[in-house]
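Numbering-wise (my numbering), the sequence shown opens with residue 1 and increments by one.
No lab work stands behind these hints, which were simulated from the structure alone.
Be aware that a few hints might be false.
What the hints assert, rightly or not - For each label pair, taking beta carbons as the anchor points, the in silico distance ranges come out as:
{"hint": "1", "residue 1": "7", "residue 2": "49", "range": "20 to 30 angstroms"}
{"hint": "2", "residue 1": "25", "residue 2": "46", "range": "17 to 27 angstroms"}
{"hint": "3", "residue 1": "8", "residue 2": "39", "range": "17 to 27 angstroms"}
{"hint": "4", "residue 1": "48", "residue 2": "8", "range": "16 to 26 angstroms"}
{"hint": "5", "residue 1": "63", "residue 2": "3", "range": "14 to 24 angstroms"}
{"hint": "6", "residue 1": "47", "residue 2": "26", "range": "13 to 23 angstroms"}
Note that CB positions come from ideal geometry on N, CA and C, so glycine has one too.
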Amino acid sequence: MAKEIERVGIPVGMISAIYNFALTTGANRVIRGARIEHVCGDPTLSPEKDYAFGMRIVTTALQTLTIAVPGPTLFDPMASGKEAAHAS
């Protein structure tokens, strides 16, 4: 679905814990999620830290919508600087 939406010119950021699958299917902006059962969170953290963790993932996803990518690219919310984006 992400590929079809991108095809009409609307950027899509896909948050996925199974990011390799998303990349191989051709999604252009893939954001590394936490775990399959908690893609944007970590229930082992305190509520405050879990909120901050999830916000970092969602903020990264929103930022990817403003970045032109040449093809499938992995964005890692926990990485910093140039290491945050990995072209595949």
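Hint check results:
| no. | hint | in the structure |
| --- | --- | --- |
| 1 | 7 x 49: 20 to 30 angstroms | violated (38 angstroms) |
| 2 | 25 x 46: 17 to 27 angstroms | violated (35 angstroms) |
| 3 | 8 x 39: 17 to 27 angstroms | holds (25 angstroms) |
| 4 | 48 x 8: 16 to 26 angstroms | violated (39 angstroms) |
| 5 | 63 x 3: 14 to 24 angstroms | holds (21 angstroms) |
| 6 | 47 x 26: 13 to 23 angstroms | violated (36 angstroms) |
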